[in-house]
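Q: Let the hints inform the model, and build the full structure from the sequences given.
Quick note, the sequences are listed as chains A and B, same order. Residue numbers for the first sequence follow the numbering used here, beginning at 18 and rising by one. Residue numbers for the second sequence follow the numbering used here, beginning at 426 and rising by one.
No wet-lab data here; the hints were simulated from the structure. Take these hints with a grain of salt, some might be off.
Selected chain A positions facing chain B (Cβ under 10 Å, derived; list incomplete) [stated by the list, open to error]: (1) V30; (2) N49; (3) Q55; (4) S63; (5) L66; (6) Q111; (7) V118; (8) K124.
On a predicted model such as this, the values are computed, not experimentally measured, just so you know. Ideal Cβ positions, reconstructed from N, Cα and C, are used throughout, including at glycine.
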Amino acid sequence: KQEVTQIPAALSVPEGENLVLNCSFTDSAIYNLQWFRQDPGKGLTSLLLIQSSQREQTSGRLNASLDKSSGRSTLYIAASQPGDSATYLCAVPQGGSEKLVFGKGMKLTVNP
Amino acid sequence: DTAVSQTPKYLVTQMGNDKSIKCEQNLGHDTMYWYKQDSKKFLKIMFSYNNKELIINETVPNRFSPKSPDKAHLNLHINSLELGDSAVYFCASSQGSMSYGYTFGSGTRLTVV
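A: This is the structure we're talking about:
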């Protein structure tokens, strides 16, 4: 059974810092890994999708890496801004199914 | 041009009532899902439908019944609502999540009083 862990559960940083958000998963036989952002009271916004054959994906100030063999993914946020404050979740499909397994998320606060 | 839309956004109702949440996607995806986010913000899958056929049915009370009239719509009907049903319910869709990932709706916050 796939389990996804995100540590720490919360992070508070001053504006401008480069950030590293961690995600680990127990079953390395994944097809892809997806990072989402959730703002308070809002839905989930997909940030990056990394296929199992890829090592990283980039979108603007965001860069996500994937190491399947070690069961880890990292989301880098460069030059953080207050607008980056949100909860960040990573998720992977379980086994060969369409079922997405989520971590509990990491609540990020970027202080001006 | 909303990709996955849910209605209503908020729903407050009394225990014992029956309510429905509607979901529509205009992405042309074949698979749709319902996820539940509990008070601790943990997201778990409830159901998935592929082209109107039920594919995944997690351990969910049978008071919850999904219905998919066509592949663009997946509704969730809940009978005899209980306090513990209070949560945020998210609809999502994918076109083969293995390659393309998921797109989520903005959620329906259900409060049972």
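Q: Next step is simple, just say for each hint if it's right about the structure.
A: Quick rundown of the hints versus the structure:
no.: 1; hint: V30; verdict: 20 Å, violated
no.: 2; hint: N49; verdict: 6 Å, holds
no.: 3; hint: Q55; verdict: 8 Å, holds
no.: 4; hint: S63; verdict: 6 Å, holds
no.: 5; hint: L66; verdict: 4 Å, holds
no.: 6; hint: Q111; verdict: 9 Å, holds
no.: 7; hint: V118; verdict: 8 Å, holds
no.: 8; hint: K124; verdict: 9 Å, holds
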